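Colleague: Heads up: the protein sequence lines correspond to chains P and A, in order. Counting along the first sequence from 1, when you hit position 166 you're at 166 in our numbering, and nothing is skipped either side. Counting along the second sequence from 1, when you hit position 239 you're at 239 in our numbering, and nothing is skipped either side.
These aren't lab readings, by the way, just hints derived from the structure by calculation. Please read these numbers as outputs of a predicted model, since none were measured by experiment. Note that the Cβ used here is the ideal one computed from N, Cα and C, for glycine as well. Treat the hints with caution; some may be incorrect.
Said to hold, decoys possible - Stretch by stretch, here's where chain P covers chain A in the computed footprint (C-beta under 8 Å, at least three residues):
1) 39–48
2) 180–190
3) 302–316
To be verified - Partner residues are not named here, just some residues of chain P that face chain A (Cβ under 10 Å, in silico):
4) Y238
5) E240
6) Q277
7) G284
8) T285
9) A294
10) V311
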Amino acid sequence: MRCFLPLLIFISSCINHQPQESDNNFIPSPKSELEIVYAKGFEINYTANHTVLVSKSIAGNDYFRDSLILQHADNESCSAFKSFFEMPRSLNCQSSTHLAYIDFFDQLGTVKGLCGIEYVHPGKINDELVINGTQEVCLGENIQIESVLKTNPDLFMVYPFAISQVESLESNGIKTFMIAEYLETHPLARLEWLKLFAVIFEQEEKANAYFNEVEEEYNSLTQMEPDSNKKFIFNLPYGENWFTPSANSLIVRLLEDAGLYYFYQNEVGTENITHPQEQVWSDGTKADYWVIIADRPDDFSLAQLQEENSVYTSFKAVKNHQVIFCNSRTSDYFLTGVIEPHLMLKDILYATHKIDNYTPKYFRLLK
Amino acid sequence: MNKDIIVLIGLVLVVFVLALLNLTTGVVKIPFSDIFDVLTGGSVENESWSYIIENRFNRSIVGIVAGGGLAVAGLLLQVFFRNPLAGPGVLGVTSGASLGVALIILGGITLEGIAGGLGLFTAGVIGAFLVLLLLLFISRYVKNQITLLVVGLMLGYFVSALLNVLFLFADQSETREYVIWGLGSFSGLKNLEMIGFVLVVGISSFGAVLMAKGLNGLALGQEYAKSLGINIRTLRVGVIVVTSVIAAIVTVFCGPISFIGIAVPQLIRLISTSKNHAFLIPLCFVGGSVLGISSDLLVRLSANSLPLNTVTAMIGAPIIIWTIIKLNKSFAKI
Numbered sequence: 001m002r003c004f005l006p007l008l009i010f011i012s013s014c015i016n017h018q019p020q021e022s023d024n025n026f027i028p029s030p031k032s033e034l035e036i037v038y039a040k041g042f043e044i045n046y047t048a049n050h051t052v053l054v055s056k057s058i059a060g061n062d063y064f065r066d067s068l069i070l071q072h073a074d075n076e077s078c079s080a081f082k083s084f085f086e087m088p089r090s091l092n093c094q095s096s097t098h099l100a101y102i103d104f105f106d107q108l109g110t111v112k113g114l115c116g117i118e119y120v121h122p123g124k125i126n127d128e129l130v131i132n133g134t135q136e137v138c139l140g141e142n143i144q145i146e147s148v149l150k151t152n153p154d155l156f157m158v159y160p161f162a163i164s165q166v167e168s169l170e171s172n173g174i175k176t177f178m179i180a181e182y183l184e185t186h187p188l189a190r191l192e193w194l195k196l197f198a199v200i201f202e203q204e205e206k207a208n209a210y211f212n213e214v215e216e217e218y219n220s221l222t223q224m225e226p227d228s229n230k231k232f233i234f235n236l237p238y239g240e241n242w243f244t245p246s247a248n249s250l251i252v253r254l255l256e257d258a259g260l261y262y263f264y265q266n267e268v269g270t271e272n273i274t275h276p277q278e279q280v281w282s283d284g285t286k287a288d289y290w291v292i293i294a295d296r297p298d299d300f301s302l303a304q305l306q307e308e309n310s311v312y313t314s315f316k317a318v319k320n321h322q323v324i325f326c327n328s329r330t331s332d333y334f335l336t337g338v339i340e341p342h343l344m345l346k347d348i349l350y351a352t353h354k355i356d357n358y359t360p361k362y363f364r365l366l367k
Numbered sequence: 001m002n003k004d005i006i007v008l009i010g011l012v013l014v015v016f017v018l019a020l021l022n023l024t025t026g027v028v029k030i031p032f033s034d035i036f037d038v039l040t041g042g043s044v045e046n047e048s049w050s051y052i053i054e055n056r057f058n059r060s061i062v063g064i065v066a067g068g069g070l071a072v073a074g075l076l077l078q079v080f081f082r083n084p085l086a087g088p089g090v091l092g093v094t095s096g097a098s099l100g101v102a103l104i105i106l107g108g109i110t111l112e113g114i115a116g117g118l119g120l121f122t123a124g125v126i127g128a129f130l131v132l133l134l135l136l137f138i139s140r141y142v143k144n145q146i147t148l149l150v151v152g153l154m155l156g157y158f159v160s161a162l163l164n165v166l167f168l169f170a171d172q173s174e175t176r177e178y179v180i181w182g183l184g185s186f187s188g189l190k191n192l193e194m195i196g197f198v199l200v201v202g203i204s205s206f207g208a209v210l211m212a213k214g215l216n217g218l219a220l221g222q223e224y225a226k227s228l229g230i231n232i233r234t235l236r237v238g239v240i241v242v243t244s245v246i247a248a249i250v251t252v253f254c255g256p257i258s259f260i261g262i263a264v265p266q267l268i269r270l271i272s273t274s275k276n277h278a279f280l281i282p283l284c285f286v287g288g289s290v291l292g293i294s295s296d297l298l299v300r301l302s303a304n305s306l307p308l309n310t311v312t313a314m315i316g317a318p319i320i321i322w323t324i325i326k327l328n329k330s331f332a333k334i
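When you get a sec, could you build the whole thing from the sequences and use the hints?
Modeller: Shown next as structure tokens:
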């Protein structure tokens, strides 16, 4: 027995869980280097021997920092756990939002596993996932290690708030990378995460061209100053509380760029703000616009909204037919919306009568 | 008896004061004159205030009636099973009602479409009724009080497991609705629903008072009750119907509210000198009302950050522990 234990420790320390990687072929150096303008949550660092992708927390959030090393030549970093000699071509994603970026590069076929497949509503992306045989790898919000191992991804793109699950994945030899595009505070910053995916899929030029095009259009549409005569409230209640975005959140920025003024502008913080329903009921009588993103039937109407709670009939926005609605059941707000901030801005401008002759894609006025 | 009447009057006054506080306290400060105006059919400056006051009023009434009903249901079950730890929550009756509700919200059963708003209530009653019937069937073979209580607990766990399975396979919007319901709330009932709720719980509680003679006999033992000419079978049906209906309607409209059903009868037995259920039942109802309305007031004072279930547990659990130690030292030794 005394001999057995050291022997067991010796054997287990020799078991290599990592696939043997080739040391002959390296990732070619990028043809063009990308510049990050708006995004604060990631960096792309170029050196002669490797490209390093870094994702990091933004001020005010819990601290995290993660990196991927893409090797262009042999050097001392080759032994790092998250270094790649070949581009990862088999992915798992914890968020369906990542699919928008991946689909932009026509790389949905690389997605072998996804958390919450059922929440990807019918459409082009869903069809491709079905054809590709993408597997569900989560049960509720928990990553199922066995399911992940079955899909054997080169890389698992994860949220930064599930650190213990990430550690568990990595202890099983799964390389992970934290994607926190939702922490950005500007719609163009979230779009800019496209550049990070561009590096992985070696399509930097395509990403750059699209980003520049959207940036130009978005900035040309942006209104100079939010109009304090166009105050808006946001969302629907959850139980007896309303969870509204903080004043410096991405969606509030989008609406401010359309010239609207957030009713809870003076409330600080980076997380959602909780308001008791009585407070919002009272504020609703003063707010000019009410912006709602919710899962509702296809032809959801203003009358149906009022049926949900008769107090809504007292809201100024309801009386003036100024409820701006995005149906997350029928629109791709949480998918393609991420890479089309200019269209969302146009939708809001159309709803607030700033532009004409336009067919909205995500937001519409409830009638 | 005189002391008991004073206790009853005192509790009624406490309920009245708490209801008044619930009506006048809140995040939105509304002058008392405006509250009075709204309640007497007048109008106020801010249109939303009338909805706020209506909501405060309705939830106060629902809190009073739901708390009272659960306490009465708890008392009936404690007498019937001759077990001070019996109650709609412990014996799985609430879980049964929850299962009925979950089958509609999560399971896609379209009973609501068939029977309108009554669908949820019907499903809740059926669920509660089935669990109670099963428990009574098992009680034929299991005579020991503690064992029967454990069986009730196991039934509750089994039903909870079924609920978890339904939850896993439900879609996002359904689970969201179910989670909100599961936190418990006395809020959200419209005027007509509130009136229906009050009528159903009120009639059921009155039905319990009509069974007082049988319950008085049963409290002394089943054989003694039989010797008094009490029809145990009829009494059994009465207890099942009353407790199922109360547990179901409260669970359907307010969510699975725990602890009131066990804690209040215990506390009332400690305060009251009377053994007559014709008096104990109203006393329990008012006691439950105090716990119900004070729980809702605490929820609102916390700006809705504390769910109702958490508050009733925080108040109810210490009462139960205290009464167990005080009343029955044999329980404390277990």
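Colleague: If a hint holds in the structure, say so; if it does not, say that too.
Modeller: Here is how each hint holds up against the structure:
Counting residues of the segment 39–48 of chain A whose C-beta sits closer than 8 Å to any C-beta of chain P gives 3, which meets the bar of three, so the coverage hint holds. Counting residues of the segment 180–190 of chain A whose beta carbon lies closer than 8 Å to any beta carbon of chain P gives 5, which reaches the threshold of three, so the coverage claim holds. Counting residues of the segment 302–316 of chain A whose CB falls under 8 Å from any CB of chain P gives 4; the rule of at least 3 is met. Interface restraint check: P:Y238 against chain A, minimum CB-CB distance 7 Å, threshold 10 Å, status holds.
Checking P:E240 against chain A by beta carbon gives a least distance of about 4 Å; that is within 10 Å, so the hint holds. For the restraint placing P:Q277 at the interface with chain A, the shortest Cβ-Cβ distance is roughly 7 Å, inside the 10 Å limit, so the hint holds. Using the Cβ-Cβ criterion of 10 Å, the hint placing P:G284 at the interface with chain A is satisfied: the shortest such distance is roughly 6 Å. The closest approach between the C-beta of P:T285 and any C-beta of chain A is roughly 5 Å, which is under the 10 Å cut-off, so the hint is satisfied.
About 9 Å separates the beta-carbon of P:A294 from the nearest beta-carbon of chain A, less than 10 Å, and the hint is met. Among the interface hints, the one on P:V311 holds; its C-beta lies about 4 Å from the nearest C-beta in chain A, closer than the 10 Å criterion.
The structure shown violates none of the earlier numbered hints.
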